[in-house]
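> Letter by letter, the chains look like this.
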Amino acid sequence: MKPPFRRILVANRGEIALRIIRAAHEMGMEAVAVYSDADATAAHVRAADAAIRLGPATPADSYLRVDAIVAAAVESGADAVHPGYGFLSERASFAQAVENAGLVFVGPPPGVIAALGDKLAARRIARAADVPHVPGTLEAVAMDRPDQLARVIAAAAGVGFPLLVKAAAGGGGRGIRRVVVQDELPAALVASSREAAASFGDGSVYLEREVMPARHIEVQLLGDSTGQVIALGERDCSTQRRHQKLIEEAPAPGLTETERRRLHAMAVRLGVAAGLQNAATVEFLYDRDGAFWFLEVNTRLQVEHPVTEMVSGIDLVVEQFKLAAGAPLSDRVRAAADRAPRPTSHAIEVRISAEDPARVFAPSPGRITRWAMPAGPGIRVDTAVEAGDRVPPEYDPLICKLIVHAPDRPSALARLRRALDETEIGGIQTTLPFHRTMLAEPAFVNASGLATTWVEAHWDGPASRARAVRIASLAAGLAELGGREAAQVPGMDSGASSEHGPAWRSDGRAIAIDRWPR
Amino acid sequence: MTHDRSHPAPTTIAGPMGDAGRAEVPDGPVDPRAVRVSVSASARLDGDPAITVSPSPDPDMRLPQDGDPGSPLPLVDGVATAVRLERFGDVRARLVESTAGSTGREIRTDVQLGPVRIDPRHGTRLREVVVDGWRIEVEVEHERRAALRERARRGAGVASHGGPVEVRAIIPGRVVAVSVVVGDSVEAGQQVLVVEAMKMQNELRAPREGSVQRVGVAVGDTIEVGDLLVVIH
Numbered sequence: 001m002k003p004p005f006r007r008i009l010v011a012n013r014g015e016i017a018l019r020i021i022r023a024a025h026e027m028g029m030e031a032v033a034v035y036s037d038a039d040a041t042a043a044h045v046r047a048a049d050a051a052i053r054l055g056p057a058t059p060a061d062s063y064l065r066v067d068a069i070v071a072a073a074v075e076s077g078a079d080a081v082h083p084g085y086g087f088l089s090e091r092a093s094f095a096q097a098v099e100n101a102g103l104v105f106v107g108p109p110p111g112v113i114a115a116l117g118d119k120l121a122a123r124r125i126a127r128a129a130d131v132p133h134v135p136g137t138l139e140a141v142a143m144d145r146p147d148q149l150a151r152v153i154a155a156a157a158g159v160g161f162p163l164l165v166k167a168a169a170g171g172g173g174r175g176i177r178r179v180v181v182q183d184e185l186p187a188a189l190v191a192s193s194r195e196a197a198a199s200f201g202d203g204s205v206y207l208e209r210e211v212m213p214a215r216h217i218e219v220q221l222l223g224d225s226t227g228q229v230i231a232l233g234e235r236d237c238s239t240q241r242r243h244q245k246l247i248e249e250a251p252a253p254g255l256t257e258t259e260r261r262r263l264h265a266m267a268v269r270l271g272v273a274a275g276l277q278n279a280a281t282v283e284f285l286y287d288r289d290g291a292f293w294f295l296e297v298n299t300r301l302q303v304e305h306p307v308t309e310m311v312s313g314i315d316l317v318v319e320q321f322k323l324a325a326g327a328p329l330s331d332r333v334r335a336a337a338d339r340a341p342r343p344t345s346h347a348i349e350v351r352i353s354a355e356d357p358a359r360v361f362a363p364s365p366g367r368i369t370r371w372a373m374p375a376g377p378g379i380r381v382d383t384a385v386e387a388g389d390r391v392p393p394e395y396d397p398l399i400c401k402l403i404v405h406a407p408d409r410p411s412a413l414a415r416l417r418r419a420l421d422e423t424e425i426g427g428i429q430t431t432l433p434f435h436r437t438m439l440a441e442p443a444f445v446n447a448s449g450l451a452t453t454w455v456e457a458h459w460d461g462p463a464s465r466a467r468a469v470r471i472a473s474l475a476a477g478l479a480e481l482g483g484r485e486a487a488q489v490p491g492m493d494s495g496a497s498s499e500h501g502p503a504w505r506s507d508g509r510a511i512a513i514d515r516w517p518r
Numbered sequence: 519m520t521h522d523r524s525h526p527a528p529t530t531i532a533g534p535m536g537d538a539g540r541a542e543v544p545d546g547p548v549d550p551r552a553v554r555v556s557v558s559a560s561a562r563l564d565g566d567p568a569i570t571v572s573p574s575p576d577p578d579m580r581l582p583q584d585g586d587p588g589s590p591l592p593l594v595d596g597v598a599t600a601v602r603l604e605r606f607g608d609v610r611a612r613l614v615e616s617t618a619g620s621t622g623r624e625i626r627t628d629v630q631l632g633p634v635r636i637d638p639r640h641g642t643r644l645r646e647v648v649v650d651g652w653r654i655e656v657e658v659e660h661e662r663r664a665a666l667r668e669r670a671r672r673g674a675g676v677a678s679h680g681g682p683v684e685v686r687a688i689i690p691g692r693v694v695a696v697s698v699v700v701g702d703s704v705e706a707g708q709q710v711l712v713v714e715a716m717k718m719q720n721e722l723r724a725p726r727e728g729s730v731q732r733v734g735v736a737v738g739d740t741i742e743v744g745d746l747l748v749v750i751h
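The listed protein sequences correspond, in order, to chains A and B. With the numbering used here applied, the first sequence corresponds to residues 1 to 518, in that order. With the numbering used here applied, the second sequence corresponds to residues 519 to 751, in that order.
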């Protein structure tokens with residue numbers, strides 16, 4: 001197969017940059033990386049054929065610099081730019097700048113990104129395509145017209161309380177305010193609009209009913225330049241906290257084939273109506289009555305794309321490159337889409353982040369001292385870090401995606417449990433214990449309690465940590481009694497011989513062998 | 519990883535073992551080898567207990583099983599406890615807890631032990647232990663020294679109440695706001711700084727009331743764990 005491009009530039013960092021570079025190399029393309037000063041020696045820089053510095057660590061000075069990235073692409077002789085997720089991936093002006101420079105943007109056309117990135121416009125497209133959207137308003141609240149307040153209050157009463165005030169340009173949970181009673185509405189409108197203006201440069205806000213309890217189910221779309229759009233199955237991402245996903249799986253547990261066909265058809269209708277090309281994801285809320293409500297569209301590759309890849313057998317990044325070069329949807333992709341309503345395997349992804357689940361998921365950047373990843377059948381690890389690396393505080397805390405694939409959900413859960421047992425990370429606190437606890441949680445294991453609000457309602461970090469504190473204290477105390485070990489002097493390797501005295505070598509090994517369960 | 523396996527009940531139990539696998543030991547002088555283990559100050563959460571671990575004072579106090587006489591039981595907070603540590607090289611180890619009596623079982627938990635390092639400020643030994651994905655940094659010191667320090671701290675308690683308090687960085691990041699200047703009076707819990715780390719803004723609050731004696735950082739500074747941020751007098 002002839003590579004779709006000769007050389008591509010990856011406008012991202014971390015695991016997703018490495019993921020895209022790997023696909024490029026497998027397709028016979030050269031890859032150019034960009035990096036900030038914090039990432040000068042990072043894995044994506046080492047893996048690329050060439051790397052170009054963007055600037056200091058702060059995203060605004062590096063990975064968010066449209067001019068510098070387009071210049072790097074032109075200068076390095078790249079034919080196409082892949083934006084990954086986050087950073088500039090959903091910024092229409094970036095896609096436009098790439099096209100204006102005569103290069104191909106690997107993603108939907110700038111006009112589609114702009115239309116679907118405006119949540120109000122996306123809701124209007126959904127209505128036109130006969131896709132039910134979450135009930136609420138379809139026009140921005142007139143914030144500059146205090147005389148219109150009565151109309152807004154009437155609209156709010158029509159939507160019903162509690163409701164959410166949301167930013168039209170929103171993302172990542174920013175600009176959202178929950179309103180329980182009417183009196184709170186004016187203040188929430190002002191706060192949300194101000195936050196949206198500060199975060200996105202657009203203070204437009206609208207009202208949306210709070211659908212609760214609900215599951216988050218999203219559909220993976222691919223589209224080509226002839227206007228053909230297919231659905232490659234759905235993912236359940238209900239285990240989330242403050243709109244940040246923690247665990248994702250494909251297919252969504254418990255849906256019937258009929259429900260899947262209805263859901264996939266709605267997403268395709270919306271994609272066709274929007275003129276979608278390349279890859280995008282349509283997000284829905286699924287309520288207790290079995291209704292799907294359109295939420296928003298992400299016009300990019302998703303963090304959780306690997307679960308769809310495992311179940312469909314389609315490499316989404318490879319397809320993105322082919323589609324960007326103008327190829328039609330392949331027979332392989334069409335066949336996978338035809339199979340999607342009747343899935344025959346199951347995949348689960350857990351996001352391992354540098355966050356402390358005992359301290360309300362506060363960031364815990366730092367140096368990784370130990371890093372042992374699981375292996376064996378059905379395991380995929382997407383990461384760009386290793387022991388000795390420093391997790392910089394400037395970027396997203398996601399450091400590793402652990403994905404398991406198995407014939408069905410129970411065996412995928414068993415495989416995930418086994419994989420988490422094999423995972424060893426030292427030096428920084430990660431979300432690993434959260435994931436281990438979820439695998440013992442009946443609400444998750446039976447899929448009976450999947451809901452976007454579950455984690456905030458049930459997760460008790462300190463309680464989950466208490467047993468570990470007792471075990472750690474006992475282990476450290478007994479290790480101390482077993483022979484006082486030499487302390488490590490900073491900058492000096494203590495050497496294996498001084499680390500453990502004769503205590504473990506003679507007794508420890510003998511005990512370990514003799515006491516094996518009989 | 520935790521394994522919970524049943525094994526045949528022991529045929530004899532030496533020493534005054536109860537069903538819990540623990541036995542009371544009479545009070546006596548502190549064993550010079552005894553150590554106190556607590557979660558280190560930077561990692562501690564409210565309610566994290568400290569424990570004292572010391573070697574068995576009585577070599578006959580054992581938990582035999584399957585005809586094996588067993589090893590002498592260590593004391594945990596003065597109580598003989600059926601627990602042992604099996605080590606598999608420099609880092610990996612397994613803590614094995616036994617329960618005696620008719621329900622005799624072993625609960626095995628895999629742990630990773632980091633290297634010992636010395637706390638430069640207090641001279642205590644610090645060690646990272648990872649259990650079930652939790653990274654717990656513990657502080658280990660001789661029980662006698664810990665008791666001495668505690669007494670000294672209690673004695674100085676009243677005097678030190680009015681002394682300066684140093685607020686240090688517990689996460690690395692970038693200072694995005696400084697809400698106080700030298701000379702300001704602050705209430706306990708009042709915001710003094712905002713630090714941005716990993717796209718999240720974290721407010722740092724005054725640990726107690728007082729006046730700001732020193733501000734060690736400015737907006738835009740990049741800070742590391744342990745950096746002095748503010749001194750409150």
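Source of the hints: derived by calculation from the structure; they are not laboratory data. Keep in mind that this is a model prediction, so the values were computed, not measured. Please note that a few of the clues may not be correct.
What the hints assert, rightly or not - Here's a subset of chain A near chain B, in silico, CB distances under 7 Å, partners left out:
no. : residue
1   : Ala154
2   : Pro363
3   : Leu432
4   : Arg436
5   : Ala440
6   : Pro442
7   : Ala443
8   : Pro462
9   : Ala463
10  : Ser473
11  : Leu478
12  : Leu481
What the hints assert, rightly or not - Just a few of them, taken from the derived set where beta-carbon distance is under 8 Å, the chain A residues facing chain B:
no. : residue
13  : Thr369
14  : Gly388
15  : Asp396
Quick reminder that beta carbons are idealized off the backbone N, C-alpha and C, glycines included.
> Run every hint past the structure and note whether it holds.
Do the hints match the structure? See the list:
Checking A:Ala154 against chain B: minimum C-beta separation of about 36 Å lies over 7 Å; hint violated. Hint status for A:Pro363 relative to chain B: holds, with the closest Cβ pair at about 4 Å, below 7 Å. The beta carbon of A:Leu432 comes within 3 Å of a beta carbon in chain B, closer than 7 Å, and the hint placing it at the interface holds. Taking 7 Å as the C-beta cut-off, the interface hint given for A:Arg436 holds, the closest approach to chain B being about 6 Å.
Because the closest C-beta pair between A:Ala440 and chain B is about 11 Å apart, greater than 7 Å, the hint is violated. Interface hint at A:Pro442: violated, since its Cβ lies 18 Å from the closest Cβ of chain B, which is beyond the 7 Å cut-off. Because the beta carbon of A:Ala443 sits about 20 Å from the nearest beta carbon in chain B, more than 7 Å, this interface hint is broken. Hint on A:Pro462 holds. Least Cβ distance to chain B is approximately 6 Å, under the 7 Å limit.
Because the smallest distance between the Cβ of A:Ala463 and any Cβ of chain B comes to about 10 Å, over 7 Å, the interface hint for this residue is violated. Annotation: A:Ser473 was flagged as interfacial toward chain B, and the flag holds, the nearest CB pair being 4 Å apart, inside 7 Å. A distance limit of 7 Å between C-beta atoms decides the matter here; for A:Leu478 the minimum to chain B is near 4 Å, and the interface restraint holds. Hint status for A:Leu481: holds, given a least beta-carbon distance of 6 Å to chain B, under 7 Å.
Because the smallest distance between the Cβ of A:Thr369 and any Cβ of chain B comes to about 7 Å, under 8 Å, the interface hint for this residue holds. Interface restraint check: A:Gly388 against chain B, minimum CB-CB distance 14 Å, threshold 8 Å, status violated. Look at A:Asp396: its Cβ gets to within about 6 Å of chain B, closer than 8 Å, so that hint holds up.
Taken one by one, the earlier hints fail for this structure at numbers 1, 5, 6, 7, 9, 14, listed in ascending order.
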